[in-house]
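**Student:** Protein chains in written order, with the numbering used here: chain W, 1 to 147; chain F, 1 to 147; chain C, 1 to 147; chain X, 1 to 147.
Check before you lean on any hint, since a few could be wrong.
A pair counts as met if it fits within one copy or between any two copies, since identical chains are not told apart.
What the hints assert, rightly or not - In silico lysine-lysine, DSSO-like type, Cα no more than 27 Å apart, as pairs:
| no. | residue 1 | residue 2 |
| --- | --- | --- |
| 1 | LYS74 | LYS87 |
| 2 | LYS122 | LYS63 |
| 3 | LYS122 | LYS64 |
To be clear, the hints were calculated from the coordinates, so they are not data collected in a lab.
Number of protein chains: 4
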Amino acid sequence: MAQSDFSFSHSLRVRWAEVDMQAVVFNGHYLTYFDVALTEYWRTVGLPSPILQAQLGTELFVKKASLEYHASAKFDDILDIGVRCSKIGHTSITFIIEIYSNEQYLVSGEMIYVFFDRQQQKSTPIPLDWIEMLDLFELSTPIVKKS
Amino acid sequence: MAQSDFSFSHSLRVRWAEVDMQAVVFNGHYLTYFDVALTEYWRTVGLPSPILQAQLGTELFVKKASLEYHASAKFDDILDIGVRCSKIGHTSITFIIEIYSNEQYLVSGEMIYVFFDRQQQKSTPIPLDWIEMLDLFELSTPIVKKS
Amino acid sequence: MAQSDFSFSHSLRVRWAEVDMQAVVFNGHYLTYFDVALTEYWRTVGLPSPILQAQLGTELFVKKASLEYHASAKFDDILDIGVRCSKIGHTSITFIIEIYSNEQYLVSGEMIYVFFDRQQQKSTPIPLDWIEMLDLFELSTPIVKKS
Amino acid sequence: MAQSDFSFSHSLRVRWAEVDMQAVVFNGHYLTYFDVALTEYWRTVGLPSPILQAQLGTELFVKKASLEYHASAKFDDILDIGVRCSKIGHTSITFIIEIYSNEQYLVSGEMIYVFFDRQQQKSTPIPLDWIEMLDLFELSTPIVKKS
């Protein structure tokens, strides 16, 4: 994909505490960046927050995460994090995430979440209105930029 | 793989600050756990530390990371993190990592590192003595447990 | 002090990974927030970045940190972090920092940094032009808001 | 105080992800180290865990934290973290914490916690049996070392 292929992008600046002795962001912090961008994506689409979901007895759990590191983010870099919902299964949602800085391609990843019912202690179908909202959002052409 | 298939295992206890509102370890912290276990694996095999490597002008960078979440680690859990070197390429090394707690299988992952020459700014062959040390270590039968 | 007494304020949103099982930000993360706000304060005043300082052989080290917790920040809260340079000593600089959310007073702190010469391995005088720039900035009346 | 003045000490090794570009532990991570050591102190004294406290409707919240940085911890350093309960008030408990590495004095701090009743949303007296257990533990002469 290219940076322009994302209908949503969130920007943040790399913090001092996130950079290691190699002068690059420690590999694990990209999952925090993914999480921050997904939270903003979720809010922008208008889906219920994790707090509200918990009150309803449901949760989204990460089932799989994969990351590919192409180039390194450095201290003070402003990162543009593109998020796209790439697949909605019966009980799971998949996101493609790509991080750019100054149009340089840094990191790509895929996150698969499972929707979970706390009381029944098992996965449960993704609500139909979520699917509609996600479809509608991804079909919308103008890029939504947040920072 | 099974927990007994690892010739190396490192143990650590989940910290309060690593657990989120869902009462489970935040998904990104497992990459920190992987890194801690790999550091101890590296030390046990007898390979040069990142500090020494940097003095020699080389570095290991993560190229790919993948994680699969089977069950959640909780506050105060003692995690046993198995590490196995599964593949040594020309300029890359691959590790299989699995996290258990009380013999319950929690998280599995694969980490691919590339060996990098800072001056030439490109990947460089894994030293032959590293390959020998890794081969020798993985062939050794007794499990090395560290905590 | 009151929120309006700060000539500089930086805003950020609390991340999921920063919130613990008590549903509040873990106490140590406020020092990361302080650091982020100080970085932006430093940039706004126009002082040399840590990267540039390191090239010149100097560093700022934290000597003392103190925090008082009045109320808790929660997931998704937008925090306004006021920063004021309260004292410039011969080799040290002191900052007062206060965190607000929706005008509620959450956390206050004081950070004392020492200016350090790496080659001589000892503290060294704060440059005169830094003192002038800090004085000038703190005397400026309009509040500089960054997010 | 000296390292030998503590009746409790917990050891841990500095992680790669905790060290910044200045090649020292980022200042905020010491509060995580304090928290880890306090958790082990608490367990060793035999006091109820935060999980159990939450079930009883109570919580310990940090009210004040202060840190003084004497020397820097580095990657791979093994830290010895001494914990002493220095004061028990009506609704608060104060701890003195000191971090050493190879008998070098690195960081000292004081943490003041308030005991809180969730239902009444206010501070509540420290249970008498806690005070007895803490007194008894601090009076015991042999040093308890944990790692």
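**Student:** Are the hints correct? Go through all of them and say.
**Tutor:** Structure-based check of all given hints:
1. In the homo-oligomer, the alpha carbons of LYS74 and LYS87 never lie at most 27 Å apart, since the shortest distance is 31 Å inside one protomer and 29 Å across protomers.
2. Only within a single protomer do LYS122 and LYS63 lie at most 27 Å apart by alpha-carbon distance; the minimum there is 13 Å, versus 34 Å between protomers.
3. Taking CA atoms no more than 27 Å apart as the test, LYS122 paired with LYS64 passes inside one copy only; the shortest distance there is 17 Å, against 30 Å between copies.
When held up to the earlier numbered hints, the structure conflicts with hint 1 and nothing else.
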